[in-house]
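Chemist: In case you want the letters, here they are:
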Amino acid sequence: MFESLTDKLNSVFKKVTGRGKLTEANIQEALKEVRLALLEADVNYKVVKKFVESVRQRAVGQEVMESLTPGQQLIKIVHQELISLMGGEVSGLDLGGKPPHVIMLVGLQGSGKTTTAAKLARLLRKKGRHPYLVPADIYRPAAIDQLQKLGAQTGIPVFEPLKGMRPEAICLEAKAEAGRRACDVVILDTAGRLHIDEDLMAELERIKEQVAPKEILLVADAMTGQDAVNVAKSFDQLLDLSGVILTKMEGDARGGAALSIMSVVGKPIKFIGVGEQLDALEPFYPDRMASRILGMGDVLTLIEKAQEEFDQKEALKLQKKLQKSQFDFEDFLTQLQQVKKLGSLEQILSMIPGMGQFKKLKQFKPDERELIKVEAIINSMTREERRNYKIINGSRRRRIAKGSGTTVQDVNRLIKNFVQTKKMMERVTKKGLGGMPPFPV
Amino acid sequence: MIRFFKGKKDDGQDQRTEEPKLELETPSEEKKGLFARLKQGLAKTRSTITGRLDRLILGKKEITPEVMEELEEILFTSDLGVETTQELIDIVQDKVARKALSDPAKLKTTLKDEILGYLESALPQELQFPEGSPLVIMVVGVNGVGKTTTIGKAAHRFIKEGKKVLLVAADTFRAAAVEQLEVWGERVGAEVVKQKSGADPSAVAFDGIAAAVARGVDVVLVDTAGRLHTKKNLMEELQKVKRVIGKKLPGAPHEVWLVLDATTGQNAVSQAKMFHEALGVTGIILTKLDGTAKGGIVVGISHQMKLPIHFIGIGEKTEDLRPFDPGEFVKAIFD
Numbered sequence: 001m002f003e004s005l006t007d008k009l010n011s012v013f014k015k016v017t018g019r020g021k022l023t024e025a026n027i028q029e030a031l032k033e034v035r036l037a038l039l040e041a042d043v044n045y046k047v048v049k050k051f052v053e054s055v056r057q058r059a060v061g062q063e064v065m066e067s068l069t070p071g072q073q074l075i076k077i078v079h080q081e082l083i084s085l086m087g088g089e090v091s092g093l094d095l096g097g098k099p100p101h102v103i104m105l106v107g108l109q110g111s112g113k114t115t116t117a118a119k120l121a122r123l124l125r126k127k128g129r130h131p132y133l134v135p136a137d138i139y140r141p142a143a144i145d146q147l148q149k150l151g152a153q154t155g156i157p158v159f160e161p162l163k164g165m166r167p168e169a170i171c172l173e174a175k176a177e178a179g180r181r182a183c184d185v186v187i188l189d190t191a192g193r194l195h196i197d198e199d200l201m202a203e204l205e206r207i208k209e210q211v212a213p214k215e216i217l218l219v220a221d222a223m224t225g226q227d228a229v230n231v232a233k234s235f236d237q238l239l240d241l242s243g244v245i246l247t248k249m250e251g252d253a254r255g256g257a258a259l260s261i262m263s264v265v266g267k268p269i270k271f272i273g274v275g276e277q278l279d280a281l282e283p284f285y286p287d288r289m290a291s292r293i294l295g296m297g298d299v300l301t302l303i304e305k306a307q308e309e310f311d312q313k314e315a316l317k318l319q320k321k322l323q324k325s326q327f328d329f330e331d332f333l334t335q336l337q338q339v340k341k342l343g344s345l346e347q348i349l350s351m352i353p354g355m356g357q358f359k360k361l362k363q364f365k366p367d368e369r370e371l372i373k374v375e376a377i378i379n380s381m382t383r384e385e386r387r388n389y390k391i392i393n394g395s396r397r398r399r400i401a402k403g404s405g406t407t408v409q410d411v412n413r414l415i416k417n418f419v420q421t422k423k424m425m426e427r428v429t430k431k432g433l434g435g436m437p438p439f440p441v
Numbered sequence: 001m002i003r004f005f006k007g008k009k010d011d012g013q014d015q016r017t018e019e020p021k022l023e024l025e026t027p028s029e030e031k032k033g034l035f036a037r038l039k040q041g042l043a044k045t046r047s048t049i050t051g052r053l054d055r056l057i058l059g060k061k062e063i064t065p066e067v068m069e070e071l072e073e074i075l076f077t078s079d080l081g082v083e084t085t086q087e088l089i090d091i092v093q094d095k096v097a098r099k100a101l102s103d104p105a106k107l108k109t110t111l112k113d114e115i116l117g118y119l120e121s122a123l124p125q126e127l128q129f130p131e132g133s134p135l136v137i138m139v140v141g142v143n144g145v146g147k148t149t150t151i152g153k154a155a156h157r158f159i160k161e162g163k164k165v166l167l168v169a170a171d172t173f174r175a176a177a178v179e180q181l182e183v184w185g186e187r188v189g190a191e192v193v194k195q196k197s198g199a200d201p202s203a204v205a206f207d208g209i210a211a212a213v214a215r216g217v218d219v220v221l222v223d224t225a226g227r228l229h230t231k232k233n234l235m236e237e238l239q240k241v242k243r244v245i246g247k248k249l250p251g252a253p254h255e256v257w258l259v260l261d262a263t264t265g266q267n268a269v270s271q272a273k274m275f276h277e278a279l280g281v282t283g284i285i286l287t288k289l290d291g292t293a294k295g296g297i298v299v300g301i302s303h304q305m306k307l308p309i310h311f312i313g314i315g316e317k318t319e320d321l322r323p324f325d326p327g328e329f330v331k332a333i334f335d
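Residue numbers (our numbering), protein chains in the order written: chain C, 1 to 441; chain U, 1 to 335.
These are computed hints drawn from the structure, not numbers from a lab. Don't be surprised by glycine CBs; every beta carbon is placed ideally from N, CA and C. Hints are not guaranteed to be accurate.
Unchecked claim - Over 10 Å on every C-beta distance to chain C, these chain U residues come out as not near it, computed from the model:
| hint | residue |
| --- | --- |
| 1 | Lys60 |
| 2 | Glu87 |
| 3 | Ile89 |
| 4 | Gln93 |
| 5 | Lys106 |
| 6 | Lys112 |
| 7 | Ala122 |
| 8 | Pro130 |
| 9 | Phe158 |
| 10 | Lys163 |
| 11 | Ala199 |
| 12 | Gln239 |
| 13 | Gly251 |
| 14 | His276 |
| 15 | Pro308 |
| 16 | Ala332 |
As the list claims (entries may be wrong) - Computed list of lysine-lysine pairs in BS3-like fashion (alpha-carbon distance at most 25 Å, straight line):
| hint | chain 1 | residue 1 | chain 2 | residue 2 |
| --- | --- | --- | --- | --- |
| 17 | U | Lys240 | U | Lys273 |
| 18 | C | Lys373 | U | Lys240 |
| 19 | C | Lys373 | U | Lys232 |
| 20 | U | Lys317 | U | Lys160 |
As the list claims (entries may be wrong) - Which residues of chain U face chain C? A few of them, derived with a C-beta cut under 7 Å, are:
| hint | residue |
| --- | --- |
| 21 | Glu73 |
| 22 | Phe76 |
| 23 | Glu179 |
| 24 | Asn267 |
Produce the complete structure using the sequences and hints provided.
Modeler: So this is what it looks like as structure tokens:
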């Protein structure tokens, strides 16, 4: 729904390129676009004001290089400024010293503390730690229940508070219990609260005093608007946060709150939540976030994911087969599975930069179920059929359709697509252009 | 040795405080209690905004660019969003250009009236209770906006009006969501229809409607799992829940309420559009207005999509769901 900033700046500068030099007035026009883009991404008004000013100062004068187009140059400056504001580097948890270490999660209601607690515990266990989950939310109905269920799902122990225990007592007792159980990380799931609720904020202060947490992390919703600065500031003033976890990043929010929070409290964002599943917690990369805020796509994540998930050996095998024109349905299926490992098609598409330039592509919503269908059809073929599609005659097609719960038309369409793909791939490989296996869809 | 380490640590600390920070207000120098400072800080933020605007306006004969910028700031920081803010500012600027508005003192009232006009373009109608069958309300929204809490509070309102209410626990996904609704049911005195966690939400909804018809209740509130509007399959699941409800009771659900969190920024527009497209939303509930967020994003949503705002949530207590009052809402933006 947002036009990307790059597109906008390009159109602003279209009037200027060709004429050679930039004037102060031209930058003015472009900076207005930058300002609006940041405001559209929910960056706080005052943060935007200050940010645009610093970009102006950097842009006017010597730093505008001639090798780039003015639009590219400005984007580069904006991008760099954003990264430097967001901390530049990836920062992890500080869990040195004598265990048990306490990690305290705080935040507004509904920001995702309980889910994040379970995700964090799971991540730490993967790294060889022994986490202990502590439900300290005695206010929201069934909050303790929720953490206990998540604990059971992941097999991570959860402290069991006695009836009537206050949050302070729960946290203190749980820390002692963690020591007895030889758990080395204690994760406190505190109740959601408003930053202006004095009584509940005082409760957090008391918990902090009593259990001396190593990390106090603010869990904040990536969709938060202008108020993010007030919230982060209040929590930080009271508790001296050690970092932030940004949740619900898998949606289409541009996440300007990240920038607002960082510039107001100056504490690093340590993780981002990217889904409802318990493994959906990732480290925070400032450069990627900068691209996202600007609507420039997240190429790095895509490349990294591709490297992680694509089996190199499989790719090589495929390459050889292609050269010998032996590409068959079995390869098609392997490739399909590789693509599926990369994540949903929509997710992949959203990571590709410049999608904003193709208005038509915005309408194009890939159907995940189409892929499932294709897989079912191939799975219903015999080995002979998969290896040699030419033997698939009418009666075989009917059988395949029945076996896969699809129609003969579906089977026909798949075979037609397959033949086309095969031809195209063979032509490409023969010309020697194929380095990476193309996607079958 | 100890001093050496200590010195080093201090250096590190210094560097950290030197990181780029943007000051939003000058920190108080006196050592007061943290809360006092917090409160004072917030009061100051508020007073600086209105204070500056009032100062700029006071005694002036014409509307200066600074005044317009000040107005723009108020609208932006209340989350009205780029589009609505620009629209409103354009309207005011146009009036100034046509000399229809020249008195700075009237600027604020003019702007307030414009926003009020936006909100009043979609005022909620009285709920229509169908003859002889229950009123079915489906409650939807993204994760963590307060759907279950809103249902609990709405149930309380209906019960106080003498209605018989049934709650349907169709959030079968989130751990302990059913239990949360049950606690609310007990608290306000409403029965809850549920199945096992992980059950098909449509099946739960079907059972719920059947039970409601059989027991002759007046209002059914269907709680659904929070989901991001960008998840196609989950949105389709909601469409199915709606379809199934309609099959069991033609004409139902009579209302589809979208719950929006007042702290949400521009993304609320995207949420409203996609939920409306998928389900035909009939009204908005704006929650968490008891914080410092203004929830201004609903101005544009309500106006553009002609969606009335039914209730606002202003706390965690049973009574903390109030009918939406456009006048109060606009006043809060400028306070």
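Chemist: Could you run down the list of hints and mark each one as holding or not?
Modeler: Now the hints, each set against the structure:
Listed as a non-interface residue, Lys60(U) keeps its Cβ farther than 10 Å from every Cβ of chain C; the least gap is roughly 23 Å. Non-interface call for Glu87(U) relative to chain C: holds, since the shortest CB-CB distance, roughly 13 Å, exceeds 10 Å. With a closest Cβ-Cβ approach of about 13 Å to chain C, Ile89(U) is found to remain outside the 10 Å limit, as its non-interface label requires. Listed as outside the interface, Gln93(U) is consistent with that label: its C-beta sits roughly 16 Å from the nearest C-beta of chain C, beyond the 10 Å cut-off.
For Lys106(U), the requirement that its beta carbon stay farther than 10 Å from each beta carbon of chain C is met, with the minimum near 24 Å. Remark: the non-interface label on Lys112(U) is consistent with the geometry, its nearest Cβ contact in chain C lying 19 Å away (cut-off 10 Å). Non-interface call for Ala122(U) relative to chain C: holds, since the shortest CB-CB distance, roughly 21 Å, exceeds 10 Å. For Pro130(U), the shortest C-beta to C-beta distance to chain C comes to about 31 Å, beyond the 10 Å cut-off, and the non-interface label holds.
With a least beta-carbon separation of about 19 Å from chain C, Phe158(U) lies farther than 10 Å from that chain, consistent with its non-interface assignment. For Lys163(U), the non-interface assignment is confirmed: its Cβ lies about 22 Å from the closest Cβ of chain C, beyond the 10 Å cut-off. Non-interface call for Ala199(U) relative to chain C: holds, since the shortest CB-CB distance, roughly 15 Å, exceeds 10 Å. In this structure Gln239(U) is separated from chain C by more than 10 Å, as the shortest Cβ-Cβ distance comes to about 15 Å.
No beta-carbon of chain C is positioned within 10 Å of the beta-carbon of Gly251(U); the least distance is around 30 Å. Consistency note on His276(U): stated as away from chain C, and its beta-carbon is indeed over 10 Å from all of that chain's, at 14 Å minimum. Annotated as non-interface, Pro308(U) keeps its C-beta farther than 10 Å from every C-beta of chain C; the closest such distance is 22 Å. No beta-carbon of chain C comes within 10 Å of the beta-carbon of Ala332(U); the shortest separation is about 13 Å.
For a cut-off of 25 Å, the pair hint linking Lys240(U) to Lys273(U) stands: about 19 Å separates their Cα positions. Of the supplied pair hints, the one linking Lys373(C) and Lys240(U) holds, its CA atoms being roughly 21 Å apart against a limit of 25 Å. Between Lys373(C) and Lys232(U) the alpha-carbon distance is near 17 Å, which keeps this suggested pair within the 25 Å criterion. Taking the CA atoms of Lys317(U) and Lys160(U), the gap is about 15 Å. The hint holds against a cut of 25 Å.
Annotation: Glu73(U) was flagged as interfacial toward chain C, and the flag holds, the nearest CB pair being 6 Å apart, inside 7 Å. With a cut of 7 Å, the hint placing Phe76(U) at the interface with chain C holds, because the nearest CB-to-CB distance is about 4 Å. Hint status for Glu179(U) relative to chain C: holds, with the closest Cβ pair at about 4 Å, below 7 Å. Interface hint status for Asn267(U): upheld, as the beta-carbon distance to the closest one in chain C is roughly 4 Å, under 7 Å.
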